[in-house]
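Guided by the hints, dock chain B onto chain A, whose structure is given.
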Amino acid sequence: MTNGIKRFAKLSAAAIAAAMMMTAVPASADLVIYSGQHKSATIAMLEAFTEETGIKVNTREGSSNELAHQIVEEGKRSPADIIYTEESTPLIMLANKGLLEPISQAALDNIPKEYRAEDGSWVGLLARSRVLAYNKNMITEKELPTSVLDLVKPEWKNKFAFVKTSGAFQVQLSAMIKLEGRDAAKAWLEGLKKNGKVYRHNKAALDAVERGDIAFAMINNYYWDKMAREVGVDNLNSRLYFMGTHDLGDLVTVSGAAILKTSKNKEEAQAFMEFATGEKGQAILTEMSAQYPMNPKVGTKGLKPFSELTPPNGTLDLGEYSDGKAAIELLQEVGLL
Amino acid sequence: MLAVLLLAALSSLPVLYVILRAQDAGWAYSAELLLRPRIFELLVNTLKLAAGATLLSCLIGVTTAWLVERSDLSYRKVWNAIVTLPFAVPAFISAYSWISVFPRLEGFYGAVLVLTFSNFPLVHLPVAAALRGMDPALEETSRSLGFGRIATFFKVVLPQLKVAILGGGILIALHMLAEFGALSFLNYETFTTAIFDQYYVAFNSAAAAMMTLVLLLLCMGMLFLEFLIRGRGYYATERKGSPGEIELVALGKWKPVALLFLVLLTIMAAGAPLGIITYWLLVGSSAALDLPDLLNTLQITLSFGLGGSVLAVIFALPLVFLAVRYQGKFATLADRIPYFIHSLPGIVVGLTLVFFAVRYAFVLYQTVPLLLIGYAMLFLPMAQSAIRAALVQVSRQLEEVALSLGKNALSVFMRITLPLIAPGVGAGLALVFLQIMKELTATLLLRPSGVDTLATKVWELTDNAQYAASAPYAAALILISGLPVYLLTMRSFTRSSKREKVFDG
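Residue numbers (the working numbering), protein chains in the order written: chain A, 1 to 337; chain B, 1 to 505.
Just so you know, these hints were derived from the structure itself, not from any lab. Do not take every clue at face value.
To be verified - Restricting the straight-line Cα-Cα distance to at most 25 Å, the calculated cross-link-like pairs of lysine-lysine (DSS-like) are:
# : chain 1 : residue 1 : chain 2 : residue 2
1 : A       : K164      : B       : K48
2 : B       : K48       : A       : K193
3 : B       : K48       : A       : K197
4 : A       : K194      : B       : K48
To be verified - Okay, the calculated bits of chain B under chain A, using three or more residues with CB under 8 Å as the criterion:
# : stretch
5 : 164–174
6 : 461–467
Stated by the list, open to error - Computed from the model, here is a short list of chain A residues facing chain B with C-beta under 7 Å:
# : residue
7 : V32
8 : S63
9 : L337
Even glycine gets a Cβ: it sits at the ideal position worked out from N, Cα and C.
Chain A with its partners taken away, still in its complex shape (with noise of 0.2 Å):
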C-alpha cells in the first residue's frame, strides 16, 4: 500500500529538489549589500572591489527607503552587513534606532567631516544636486521661477512634473519642514499636489520633458546629465536650471553606506567601506552615475563645478527631519500617497 505513496512521495520530493539545485542561486557570497543605488554604477564598483580584494559581494536591489525599513523589520537577524543608499535620510533613520556599526577611521579619512555622520554611523559617497530640468523649446530660463517655493502659485498650473515617490524629493521636503515649518510645508506640497503633474519615476519625468509633454520637472542633475554624455547635448530639448539663490531648489543630497551593526562579516565590510570611499571606488561611481563623488581627490567630468552649487544653508543636517519619517506623514497626509 505505502508503495505508491513512496513514490509520489519520490518524484514530488525529486522535483522540488531538482527545481532547488536548478535554481542558479549565486554561492555563498561574503557580503550582502542591500543596494538602493543605480544599479550599473554600483555593480561596477563592487566587480572592480571584488577584483582588488578577493571578496565577493551579492546585492539585493530595491528602492533606499524599502532596503532601510526592510531591514528595520528583519532585525537582528538581518541578512544584510551594508546598507547603500541614494540619500542620507535611510541611513540616519537606522542610525536613530542604534542599528549601525561604526565605520573605520581609514573610510571616513577620505570623506569631508560635513558629509559624514558625526559618530561614523555613516558615510557619504556621492552628492547631486536637486534642479529643474525644463524643456528649451517651451518655456526659457528667465520665464523659470526663482524659486520652487513660487511653484504652488496659479501661474505654474499644469506646467510642471515632480516625483513623489523619489527620496530625493522627500528629502527636499524634510528641508522645507526644518526651514519653513510644518505648516507652511504641507501648504506647500498641497500646492505641488493641485499644480504639479505626478510621475513614478524620475526618467519617466524627464523623458517627459525632453518630449515636451511637459514644461519643467524637478529631479536630480545626474539623470539629465546622463542623458546629455550619452546624446550629445546638441541633440537634447531639455536642459538643467539651477536657481543660484541658495534656494530648497537647489538643494544637495548626500548618497551613503552603512554597516549594519548585526553583520557577521564586519572586516570584509569596512573593506567595502574603504574601497568606496577611496579614489578607485569613487572614480567607478562617478563616471558611471553622473553624481559628484564625495572623495575631494576625485574630480567630475562635465558636471557643473561641485564648488559652484549654491544649496540652502542650513540643510546639510536636517536635524530630527533627517530620518525622513515626518516628510512621509506629510505626503501619507496630502493623499499622495
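Relative to the frame of chain A, chain B by itself:
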C-alpha cells in the same frame, strides 16, 4: 486533511496580516489611515478602471465572438485564433511596449485601452464557446414568430450568453484589481499601485495594510458575485437535444466594416506590442546583449516555474479530491478559499509572507522555498481546475471495485485515480508554470538576494527607461510564457467544443 488545514491556514494569512499590522500601529491610527480621502480617491480610481476595462472588453469580446461564430466572414477559424493572440503578451509587457513608443497613452483612457486589448479574449473565448453550443432551434422559433435578426439577438441570443459574458467580465474586473506592472507604466493609480508605493517608501507599513484591507474586501465582493452567477447559471448552458445547422448571418455591405474592425483590433492588441518589442530588439545594438546573463536569468525563471508548479499540484490534489469525492461543506469551502488568494495582487501575498517569515519562520526568509510557497498560493486554482476537470471524468466504480478488493483509500488513489487523472495534472503543472514565468511583485519581495527572473529583469530595466536593453528579456518572456499560454488556451477551448460534438452525435 492535513494538507487542507495547512492550506486554510495559509489562506487566512493575508487577513491575519492586516489585523496584526493594524494592531501594531494602534487601532485609532489604523482607522485614521483607512478613512482618509486618499482611500476614497483610490477606490474611485480602481472601480473606474475595473468598470471601464470590463465593459469595453465585453463589447469587443461579444462582437468578435459573434463575428467568428455567426457571421459569414471568410477564414473564421483563422480569425478566431488571431483574435486571441493578445494572450501571448503579458499585460505589463504590452503596456511598456506601448508607453515606450506612445508615452502620451498614460492615464485613465490609456489604461482602459491597453488593458482591454490584453484582456478581452477572456470574454471572447467563453462567449464564442457559448454561441457554438447554443441550440439554434430557439433562434429559429424567434425568427418564425416574426422577430427580426436584431430583435432575436437581443431577446434570445444575448440572454443565453449572460453567464459567459458575466463570467469573463468578472475575471477581467478581478485582473484590474490585481494589475500592477501595466498600470505603473501607464501612470494610473489603483489600490495595487498605491500599495506598491507604500512598499517603495516604507517597505511594509500600516498604511499599506489598510489599503490591503479595502482590496481584500473588493476581491471578496467580486468573488461572491462570481459565486452567485456560477451557482445560478452553469447548468443552464448545458445543451440538451441535438442542434441543427446554425444559419450564418450574411454581413453584406457591413463585411468591409467588420473586416476593418478585426484588422484594426489585431494590430492594436497583438501587432503593436509584438512589433514594438521586435523594434527594440533590432535597434538594441546600443545596449549590448548580455547572453550569459539572459541564459542565467532564463534558467532561474524556469527552475522557479518547475518548483512552484509541482508544489501547487501537490497542494491541489487533496483539495480537489475532497471536493469532488466527499462533497461536504468543509470540502467545498477548502476548495474555494484558494480562489480568494488567487484574486489578490502578488504584492499582497508577498508582503504577507515576508511579514510572517520575519516574525515566525526566519529560516525561510529570502529563500527559494518561501518564494515557491508564494507561487503555489497565488496560482493554486489553476492546478485545481485542471485536475478537477480530469477527476470528474474518472468513474467512481473503478475506485469502488479496488476498495472492495481490500485496498485502502490512499493506495487506490495512487494506483487507480492518479494515473487516470495524469493529463489533468499535467495541464495543471503547465498552467501554473506559465503563470509563474510572468509573476512580478511577489517575486520582487520574496526572492533571494541577487536573484532575477525574466519578469523582474524587464521591470528593473524598463524602470530606468532602458527599453532596448530590456527587449531580449521581454522577448524571452513572451516565447516561454506567452506563446505556450496562448496555445494551451486555444487547445482547451477547441477541444471542449469537439467533445460536445461527440456527445451530441
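Exercise. Among the hints numbered above, which are violated by the structure, and what are their numbers in rising order?
Worked result: 5
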